[in-house]
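If you're matching them up, the sequences are chains A and B in order. The first sequence stops at residue 1100 when you use my numbering, and every number in between is there. The second sequence stops at residue 168 when you use my numbering, and every number in between is there.
It cannot be assumed that every hint is accurate.
Said to hold, decoys possible - Stretches of chain B that chain A covers, calculated by requiring three or more beta carbons in the stretch to come under 8 Å of a beta carbon on chain A:
(1) 52 to 62
(2) 67 to 81
(3) 128 to 142
Stated by the list, open to error - Sample of chain B residues lacking proximity to chain A, with all beta carbon distances greater than 12 Å (derived):
(4) V101
(5) D150
(6) A166
Hints listed in this document are in silico derivations from the structure and should not be mistaken for laboratory results. Each residue gets a CB set at the ideal place from its N, CA and C atoms; glycine is no exception.
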Amino acid sequence: MSDLMGYGGRVLRVDLSRGSHSVEPLDREMASQYLGGRGFVARILYAEVPKGADPLGPENRLVMAAGPLSGSFLPCSGKLHLGARSPATGGYGDANIGGHLAMELKHAGYDVLILEGTAAEPCYLVVDDDLVAIRDARDLWGEGSFGTETRLKDLLGEDFQIATIGPAGEKLVKFACITHDFGRQAGRAGIATVMGAKRLKAVAIRGTRGFPVADPSAVLATGKTMFQTIFGLPGFREWTPYGTAGITDWVNQVGAFPTRNFQTGFFEDHAAIGGKAIRDRILVLDKGCFACPIPCGKYCRIEVDGEEVFVEGPEYETVAMVGGNCGLGQIEAVAHVNAVMDDLGMDTISGGNVVAFALECAERGIIKPSDTGGRRLCFGDLDSVLWLTRCIAAREGIGDLLAEGVKAAAARLGGGSDRFAVHVKGLEVSGYEPRHAPAMALAYMTCDVGGHHNRAWAITYDVAVGRDRVEGKAARVIELQHLRPLFDMLGVCRFPWVEVEFPPETYADIFPAVTGVKRSWADLLRCSERVWNLTRMFWVRHVPDFGRVWDLPPARWTEEAIASGPTQGKLLPPATVALLLDDYYRLRGWDRHGIPTPTKLKELGLDYTLTGAG
Amino acid sequence: MSRKLTTTAQACSGCRLCQLVCALGHFDENNVKKAALGIRGSFPAPGRYQVRVCVQCGTCAEVCPVEAITRRDGVWVLDRELCTACGACISACPWGVMFTHPGTPQPIKCDACGDCVPYCPREVLRIAEEAEE
Chain A
487 MSDLMGYGGR
497 VLRVDLSRGS
507 HSVEPLDREM
517 ASQYLGGRGF
527 VARILYAEVP
537 KGADPLGPEN
547 RLVMAAGPLS
557 GSFLPCSGKL
567 HLGARSPATG
577 GYGDANIGGH
587 LAMELKHAGY
597 DVLILEGTAA
607 EPCYLVVDDD
617 LVAIRDARDL
627 WGEGSFGTET
637 RLKDLLGEDF
647 QIATIGPAGE
657 KLVKFACITH
667 DFGRQAGRAG
677 IATVMGAKRL
687 KAVAIRGTRG
697 FPVADPSAVL
707 ATGKTMFQTI
717 FGLPGFREWT
727 PYGTAGITDW
737 VNQVGAFPTR
747 NFQTGFFEDH
757 AAIGGKAIRD
767 RILVLDKGCF
777 ACPIPCGKYC
787 RIEVDGEEVF
797 VEGPEYETVA
807 MVGGNCGLGQ
817 IEAVAHVNAV
827 MDDLGMDTIS
837 GGNVVAFALE
847 CAERGIIKPS
857 DTGGRRLCFG
867 DLDSVLWLTR
877 CIAAREGIGD
887 LLAEGVKAAA
897 ARLGGGSDRF
907 AVHVKGLEVS
917 GYEPRHAPAM
927 ALAYMTCDVG
937 GHHNRAWAIT
947 YDVAVGRDRV
957 EGKAARVIEL
967 QHLRPLFDML
977 GVCRFPWVEV
987 EFPPETYADI
997 FPAVTGVKRS
1007 WADLLRCSER
1017 VWNLTRMFWV
1027 RHVPDFGRVW
1037 DLPPARWTEE
1047 AIASGPTQGK
1057 LLPPATVALL
1067 LDDYYRLRGW
1077 DRHGIPTPTK
1087 LKELGLDYTL
1097 TGAG
Chain B
36 MSRKLTTTAQ
46 ACSGCRLCQL
56 VCALGHFDEN
66 NVKKAALGIR
76 GSFPAPGRYQ
86 VRVCVQCGTC
96 AEVCPVEAIT
106 RRDGVWVLDR
116 ELCTACGACI
126 SACPWGVMFT
136 HPGTPQPIKC
146 DACGDCVPYC
156 PREVLRIAEE
166 AEE
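Please construct the entire structure, taking both the sequences and the accompanying hints into account.
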């Protein structure tokens, strides 16, 4: 067992081209500077992915990493981070997943799994403590996510934790997702597309060794206090029953709910697809991740053609992107699409965004009946959404083009469709309409994987301090971009803090009990700033013309006012965009093109990025 | 008096906090695989977790050749020093709740300490105490 407290202490590297693996000790300096999880992912990708390497080629790495707090007795320690050079954007890509994978990986004695090369035939990886095997998956190829997980658990044992791709990942759909625990996903940036390109159908992990913590008694005592604190917070009982979808009504009240491909920020049927509708109509079980006292997983059952269909979710993002954004106003319809996308292994955020884009293209005559076999596609029609989803996953007909994502699809479709392709850096924007929320817009513009909300969920700040106000927004976004991804480095979930107001600094209190090292919260945030600058340098390294133009928002937000609802008439003027970016770059210590300055990089110990060396 | 860990009508969310508390309390290790209670998921259908706990029936004690399992304060408790790890109790347990782990030769048995109970966020666990005739 490792003497590095809080860590499994080992890195497992698997070369799928050679069919070999090796085990390396975890680098102590990396643990100190980058902590774990997202930090390890960013550091390893920067060091190991050759400049300009094809995201779908053997040189790309798929890195999975747990954090120092993952798997420990403290709230919501079930988080695993995954990353690769993104096939969706060409830049830095990562995603995060809950469930039990991080715990299992660390119990097997590893913090990091690095996948490199490309297998000649479909395979899956088994990690059973020290036993590592690459096995034939030809008979699993083509199987859905749920079927794959079921079959592997039947074969290997229920106590294996499975991460699998579905058919969409096999077909290299650019927004494929990894599924685990029958409903948890690593959804964004096409990480599963990289897995599909490597012909790796699944990873199955079982660990029994556990991992050392510096002071088990202190972990037990401090962990108990943390859980008791959460049990005593009002949000523990008020938020948990509805989970993330509980916010649907509020997002509509503030006119920020993506509706019919971001044409408007208010969906008239929102009450029929929100958290209460889920709980009242389709809920089976409140399902949680490892060590989670506030289970946001809403495991649901619906009936489709007389058959029972089970799905975890819909969570808020699916409600927004498949519900409002595709115009589906019944929770059963949203859950149905959710189940189909999950089983096909397709991210519901990008999936909902791409389908909505296609629906608008069809309504505007850019996608013609001749492209759809005469089928008429329209918003609010479940059959249209399901048909497009299946075409995309199979790359059939118009689906082959849409499987490339909205940026590439708009470039090929033409007809002005780039004006309503809602993405940043080539990644489809997630579930907030930010035309009247400058901080949220800036969060999307500068998110290090593209159009994703979770690095800086700043819309509450916009609403709190004034939505027309620009001053102070960049500073708040930067603060959130260090704070929120820090959770992804530690290997814990943000929700106790974000949703039930558990003080985040408390994680610094338990850090020494787990790792034996005292780190202040400010010190940990500094590590997060280091990683934020490193992921920016990953873009600089891999994307030749990278700079300010990549941070610009979708045309729809700057050129077209919101069509209806509480934010009707609002847009994000280009002058505001310029002010936000100028302010943001200045506060970050980046130049006016958005490139980190040598001074800033040296200050953060990132000198090595100045030479382009790994 | 008899004492045992049992479940309520509440549904388990599968978080495994009970197992973490159990292993830390009894083995001083952060290792859910060394817990004296089990959780088994049934997914995708019907979508529920089954919590497997010792019912304190005493069958294990009946088959133990060295009397390592004795009744103390209404609970059947395994003395890990006396146990020879013969495995007779594991095969005999009607409920499959004599747990095993590759890192420890002796089985792992619930002693109804109740430490897990307050940390179940779904209130699935409770200690049942009954007077005996």
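How the hints compare with the structure:
Here's how the segment 52 to 62 of chain B fares: 6 of its residues keep a CB closer than 8 Å to some CB of chain A, so the rule of at least three is met and the hint holds. Here the segment 67 to 81 of chain B counts 9 residues with a CB under 8 Å from a CB of chain A, which clears the bar of 3, and the coverage holds. Counting residues of the segment 128 to 142 of chain B whose beta carbon lies closer than 8 Å to any beta carbon of chain A gives 3, which meets the minimum of three for the stated coverage. Every CB of chain A is more than 12 Å from the CB of V101 (chain B) (nearest about 26 Å), matching its label as outside the interface.
Its beta-carbon lying about 9 Å from the closest one in chain A, D150 (chain B) breaks the requirement of being farther than 12 Å from that chain. Listed as a non-interface residue, A166 (chain B) keeps its Cβ farther than 12 Å from every Cβ of chain A; the least gap is roughly 31 Å.
When the structure is compared with the earlier hints, a violation turns up for hint 5 alone.
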